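A.B. asks: What follows is each chain in one-letter form.
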Amino acid sequence: MHRRTATAELLAILTVIVIAALIYVGSRGLRDFDAALIGYAVGTTFAAVGLVYRYTLWIDRPPTRRYFRAGWRHFLSWKNFRRYTLLIPKAWVTDIFAQTFIFHRGALRWVMHMAIFWGVVISLAVTIPLSFGWFHLTLAGQNHYRIWFFGVSLFTFPLGTPMAWSVFHVLDYTAFLLLLGVAIAFWRRSHDAGFLATQRFGFDLMPLILLFAIAVTGLALTVSSELWQGRYYAFISLTHEVVVVTWLISLPFGKFFHIVERPATIGITLYNTVNQDAERSAGGSPVAGCARCGAELPSRQFVRDLKATLDDLGQRYDIGERGNLQDYCPTCKRVLRGDAYFQLMQKRFL
Amino acid sequence: MITGTMFIDPSRCIGCRACEAACRECDTHKGESMIMVDFIDRRESVATQPTLCMHCEDPVAPCAQVCPAQAILITPEGIVQQADPSRCIACRNCVYACPFGVPKFDVEERLMKKCNLCYDRTVQGLQPWCSQACPTDALWFGTFEQFKDKRTGRPIDVTGFGTQDVQTRNYFVLPERVDKLDVLALLREVGAPAEATAVREEAWVL
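Residue numbers (my numbering), protein chains in the order written: chain L, 1 to 350; chain P, 1001 to 1206.
Since the hints were made in silico from the structure, they are not lab data. Some hints could be false.
[What the hints assert, rightly or not] DSS-like cross-link-like pairs, simulated, lysine-lysine; straight-line CA separation at most 30 Å:
(1) Lys1113/P <-> Lys1030/P
(2) Lys307/L <-> Lys1113/P
(3) Lys1180/P <-> Lys347/L
(4) Lys1030/P <-> Lys1104/P
(5) Lys347/L <-> Lys1150/P
(6) Lys255/L <-> Lys79/L
(7) Lys79/L <-> Lys90/L
(8) Lys1180/P <-> Lys1104/P
(9) Lys1104/P <-> Lys347/L
(10) Lys1030/P <-> Lys255/L
(11) Lys1148/P <-> Lys307/L
(12) Lys1104/P <-> Lys255/L
(13) Lys1180/P <-> Lys1113/P
(14) Lys1148/P <-> Lys90/L
(15) Lys1030/P <-> Lys347/L
(16) Lys1180/P <-> Lys307/L
(17) Lys255/L <-> Lys1113/P
(18) Lys255/L <-> Lys90/L
(19) Lys1150/P <-> Lys1104/P
(20) Lys1150/P <-> Lys1180/P
(21) Lys90/L <-> Lys1150/P
[Unchecked claim] Computed, partial: chain L to chain P, Cβ under 8 Å:
(22) Gly29
(23) Arg105
(24) Leu297
(25) Pro298
Remember, it's a predicted structure, so these values are computed and weren't measured experimentally. C-beta atoms are modelled at their ideal positions from N, C-alpha and C, and glycine is treated no differently.
Next comes chain L alone, as it looks inside the complex (with noise of 0.2 Å):
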């Protein structure tokens, strides 16, 4: 336990260390840093300090720590590469970017993920390097503004246009996502009785309430600048910022800690892919069957690595002459389990 929480730290400190190097140097020596915007800069620090923290205990798990060595080993074998080449790009997009996997949960379901996922992930594209000192705008003559990144002038456009409003408004485009999302999910979790008897108050309706919060206080902020003459601006502002570092802060702690699981399913996804076509192509017949009916299961190396895996947690499921337990297909371990209880009875049922 001490090894893993020591790794766990030592990560969390050299986040630190790396991200206020970063600050340093992509807002060139802190000359391009808004200090208006410090309480967010922190706030994400945190963040990610938690989320490094989190994620080295997570993947240190028994389970999670053979699938992350796996995948990473997959991953990165040149002979992989070149025979699945499209197979990660393409998981990217189906399982991260649509969420096809949702869709088939429901197709409002998928509506309300798509927009609660990019108003969020958009928001962050663009709050994290504002507050960072990464991204930096400057008037570039009378009628033009120029965009800055790590110090690198990336183009200028027009004021006055579509196009200078849609940059300087992205985020009132992100909080209507959001707010489309957040509506559907309190819906479906205010109407849905196995919702209403399964959800917890912390982990499914806190995270909610805090993106609702966000959005509406960051729409304030622009109702208070076009519509308001600027009245009330300061109190929406730390309104506004208190409740996203409130949700920053419990980015490690809480649902949204699945950002950071999610693409962990592409691991998944290339180590079943390789280790079926390996045992495919050295046998030369189908992967692993069930030792009772032959049904497929995932692959030999599967049943393997379940079997080590529940070794580490220290359990065995040795049943003699019939071999192990996980050799055995869900049904026929049902089967077992009957034909068990039927000799017990004597065969003599109802």
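Given chain L's structure and the hints, the job is docking chain P onto it.
C.D. replies: Just chain P, lined up with the frame of chain L:
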């Protein structure tokens, strides 16, 4: 707080699959049954047994322990819930680790699903759909004390899988003389496995 638990007596199962039909009514997995009724030896007998999640206590939920994403959570009452949809990374460890053959895997949804002991009903003091529908009390829901008052047979919460004993929240109802359902010892009494002739039974009522 859920105080009741499930008492499963396969010898009373008549294979009517009312439990499967009723299970589909559960709000936590609408339209899909998480209980399985299997023929034990279709060539010799019409005997069937129902299987639902046993909600393992010791070792605590092997499915949750082998989950790399910590997606399977356990309620304070010891109900092992199905995978949290936001966390499940579709590795299927739980499906093949479960000693009772319970979790199902939905390929398209990339999600593990299993019995939640009708959490939406049991938190309200109602019994799960399956025991509600079971006409022969092969599935019976209540407390240990209620069982002892009303039923015969010995409720046993330990199943032995060779080198591994598993203690569960749900009980099997066994004859009075038996201390645990020792699967390996009983299979040895059955004799050598019928290898090549083993047939995978498909559900005959959908």
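A.B. asks: Does each hint hold? Answer for all of them.
C.D. replies: The hints, checked one at a time:
{"no.": "1", "hint": "Lys1113/P <-> Lys1030/P", "result": "11 Å, holds"}
{"no.": "2", "hint": "Lys307/L <-> Lys1113/P", "result": "22 Å, holds"}
{"no.": "3", "hint": "Lys1180/P <-> Lys347/L", "result": "18 Å, holds"}
{"no.": "4", "hint": "Lys1030/P <-> Lys1104/P", "result": "14 Å, holds"}
{"no.": "5", "hint": "Lys347/L <-> Lys1150/P", "result": "25 Å, holds"}
{"no.": "6", "hint": "Lys255/L <-> Lys79/L", "result": "37 Å, violated"}
{"no.": "7", "hint": "Lys79/L <-> Lys90/L", "result": "18 Å, holds"}
{"no.": "8", "hint": "Lys1180/P <-> Lys1104/P", "result": "26 Å, holds"}
{"no.": "9", "hint": "Lys1104/P <-> Lys347/L", "result": "29 Å, holds"}
{"no.": "10", "hint": "Lys1030/P <-> Lys255/L", "result": "23 Å, holds"}
{"no.": "11", "hint": "Lys1148/P <-> Lys307/L", "result": "38 Å, violated"}
{"no.": "12", "hint": "Lys1104/P <-> Lys255/L", "result": "24 Å, holds"}
{"no.": "13", "hint": "Lys1180/P <-> Lys1113/P", "result": "28 Å, holds"}
{"no.": "14", "hint": "Lys1148/P <-> Lys90/L", "result": "58 Å, violated"}
{"no.": "15", "hint": "Lys1030/P <-> Lys347/L", "result": "35 Å, violated"}
{"no.": "16", "hint": "Lys1180/P <-> Lys307/L", "result": "24 Å, holds"}
{"no.": "17", "hint": "Lys255/L <-> Lys1113/P", "result": "19 Å, holds"}
{"no.": "18", "hint": "Lys255/L <-> Lys90/L", "result": "26 Å, holds"}
{"no.": "19", "hint": "Lys1150/P <-> Lys1104/P", "result": "33 Å, violated"}
{"no.": "20", "hint": "Lys1150/P <-> Lys1180/P", "result": "21 Å, holds"}
{"no.": "21", "hint": "Lys90/L <-> Lys1150/P", "result": "59 Å, violated"}
{"no.": "22", "hint": "Gly29", "result": "41 Å, violated"}
{"no.": "23", "hint": "Arg105", "result": "5 Å, holds"}
{"no.": "24", "hint": "Leu297", "result": "7 Å, holds"}
{"no.": "25", "hint": "Pro298", "result": "6 Å, holds"}
Hints 6, 11, 14, 15, 19, 21, 22 from the list above are not met by this structure, while the remaining hints are.
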